Amino acid sequence: MSLRRIFIVLVAVFMAWVVPGEAQTVPEKKIGNNSVLLPAIPRGQGDHCVADADFMRRNHMTMLMHQRDETVRQGIRGKPFSLKECVACHAVEGPDAMPVTVASPQHFCRACHDYAAVSIDCFQCHASRPDVVTDAGGQGGVVRGAARE
Amino acid sequence: MKRIIFSEIDGRSTGFRGLAAVLGGFFLIGLAAVLYVEHAGHYVTGGSNQVVWGLPDVFAMFLIVSASGVLNVAIISSVFRKTPYRPLERLSCLLAIAMLLGGLMILVLDLGRPDRVIVAMLNRNFKSVFAWNFYLYTGFIAVVVLYLWMQMERRMNRFILAAGLLAFAWRIALTTGSGSIYGVLVAREAYSAIMGPMFVAMSFSFGLAVYILVLLAACKGIDREIGAVLLRRLGRLLGIFIVAVLYFATVQHLVNLYAAEHSGVERFILLDGGIYTLLFWGGQVIIGGLVPLALIFISSRGGAPLSGRTVALASVMVIVGAFSQLYVLIIGGQVYPLPLFPGMEVSSSFYDGVINTYTPSLPELALGLGGVALAGLVVLFGMKLLRFMPATLANARTNT
Amino acid sequence: MSGKMKHTGIAAEFNPARRKFLGAIAGVASVTLAPGVILYGITRSGDARARKPGTAASPDVRWGLLIDVNHCDSGCDKCVSACVEENGLQGHGRPATDPQWIRKVKIHDPDTGLSQSLPVMCQHCAEPPCVDVCPTGASFKRADGIVLVDRHRCIGCRYCMMACPYKARSFVHEEIEDQKTYAPRGKGTVEACTLCIHRVDSDRLPACVEACNDAGGGAMLFGDLKDPNSEIARRVARYASQQIRGDLGLDPGVRYRNLST
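Protein chains in written order, with my numbering: chain A, 28 to 176; chain X, 9 to 408; chain S, 11 to 271.
For the record, the hints were derived by calculation from the structure and aren't laboratory data.
None of these values were measured; they are calculated from a predicted model.
Among the hints, erroneous ones may be present.
Straight line, CA to CA, 16 Å or less: simulated EDC-like cross-link-like pairs of lysine to aspartate or glutamate [claimed, not checked]:
no., chain 1, residue 1, chain 2, residue 2
1, A, Lys111, S, Glu137
2, S, Lys62, A, Glu97
3, S, Lys236, S, Asp257
4, X, Lys228, X, Asp18
5, S, Lys151, A, Glu97
6, X, Lys228, X, Glu46
7, S, Lys151, A, Asp96
8, S, Lys116, X, Glu16
9, X, Lys135, S, Glu137
10, S, Lys62, S, Asp213
11, S, Lys151, S, Asp261
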């Protein structure tokens, strides 16, 4: 356990050193295999993450935990560090053109966790890919019928 | 007062090694069962959404309740100044710690997420009886270790009384707290506020029975003899405790019967509850109560000595009764349906209005036995490492 | 029925820019996001009360349900299947250990011969015993009265299930896959009806209530008991209603009308 912790910390420190500079200039490079030291991290959709990519690399765990408590216990929603939103925006397409689950080593969250030997239990409960069902059924729900009384 | 000589046990005999191997085996099987259940999920146990606490909790409660009971032997000696019990103090403390550890192990490993014990330590709800018990259990271990220290370190001997008093107060709180886990459940008709005090009485009886058995076994294993006087005292004390438990059980059921809305659950336990009725009358009342009571008091009439065998038999019966009682209480109390709509006939897809079923599974039994094995291992190695056992328990010394 | 109109559809999408846009218009009552997304009839308390993103649940609100047993058809379990569908509660075919957040209970009065059928779910007590007994504070009551399990803190001790008079809670006995993104659940923790908190927080009705309305039952009314102008508050003020095991003094937020006990 402690050995693992030490290792994780070392890796995190190491990445904090190495990754940012590269990421800011040419983010795509991360996907390429030009560095043996870096895992291939798939890029999220859109231009930006919910915060600066460098900040995310270092602090995503703290931000997630904080927002988690706010959302669950106080009902605060719509803030940036939502796990549901990370999963949605960082969905990675698998060979079947469907987003992969965390069972796949390509999954965004696994890309560096595997590398850094971090294990998280979040996806025992949380879906690791966006809902497959869309508007019609899953989300827009309320509205289908009218209350007749 | 004469000095009592304590010593370590040798620990190289085949008996010791054999026992250690058996206990170690049960402990490992228990751990394997936990891994299996945690991996597959609790559906492989006998538990369900209707009966949420099963056999492991029976074992855990037995160990925890008895843990504070075995401590009585030490307390009788140092607080109530009964010198015959003096040589038995240390073993009493060791057993208390060991059994509490065994019980705690079961409780923790039966959780849905044992990996989250840290979470439980960081977040505490002080309204919860469970949370109090967390302090009561860990505090108990600390208090007993302190108490032991006062006993084992000669310079500290003068604090024995103070430490004993603290331990006494703590163990009463602990058993009351354990009983209140059930006592506070307003909606469950089988339980009431009497659970707290009743658990205290249960702990006296179960704990002494365990103590007697361990003492007899240990003395036999290392060829130390027990004086007849001491044995007779212990036996008759057990008899008194058995009466106390029977008394509480009587009050528990009579009072519950009196409340008309609870007559259903009482009828279930006392009359037509199948296995639960059988365990209540056969296990708890007859084997665990009346028979050992008769055995002890009839054999020791008119100052007659009690044989080790008689006392041991009575103790075994008390323990069988203890398991029956806890099984009826914990599982019987859940099997009987919750009354959502009193007076109505109720049915649903979620077992409303029906008597639930619970069949203990092998992994649950293995976990329970694993906890007992842990307690045994702690006692065994405790005796080997530190001076717990008196050099002799023959009459001459114990009569001072 | 108030006959108010309400538009509450939120398209499923994960584009934060679009979300922000939606957030900005959340207070506006008449935007049609997609054809047909108009709700007539029972709505949430009042339009102005829709909570803004980023704000906490308010103690000035108490969400509750009023269930009219006379309108509940004994053969209908639309509310149950809607809940299963919405929260991804499909079981493993093992009824003793599969979770149920809402169930239909049939009651029969042996004295009068009257039979009734009604849905029972977490009753969202004002004085919830599950919250009192929970050792880690995982069981808690949100400011707006919804009783929840914080499954990040739940250690699976099941004491809350022992304490709940309504058998409202289930323990997750097996591994779960393919959860809904908005309704995480997982092995080893305790769960129960959340009043569809993900819907309530985005100003929509709980799935059971919606399904009951869709089926034409209209037996379930959801709303804010503390808002004197809400339909539910008006009705409970006007007609007798009762709480299951009201004698226990737990003050559930779920009330029943025309219940014969």
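Hint check:
no.: 1; hint: A/Lys111 x S/Glu137; in the structure: violated (32 Å)
no.: 2; hint: S/Lys62 x A/Glu97; in the structure: holds (14 Å)
no.: 3; hint: S/Lys236 x S/Asp257; in the structure: violated (22 Å)
no.: 4; hint: X/Lys228 x X/Asp18; in the structure: holds (13 Å)
no.: 5; hint: S/Lys151 x A/Glu97; in the structure: holds (14 Å)
no.: 6; hint: X/Lys228 x X/Glu46; in the structure: violated (40 Å)
no.: 7; hint: S/Lys151 x A/Asp96; in the structure: holds (14 Å)
no.: 8; hint: S/Lys116 x X/Glu16; in the structure: violated (66 Å)
no.: 9; hint: X/Lys135 x S/Glu137; in the structure: holds (13 Å)
no.: 10; hint: S/Lys62 x S/Asp213; in the structure: holds (10 Å)
no.: 11; hint: S/Lys151 x S/Asp261; in the structure: holds (13 Å)
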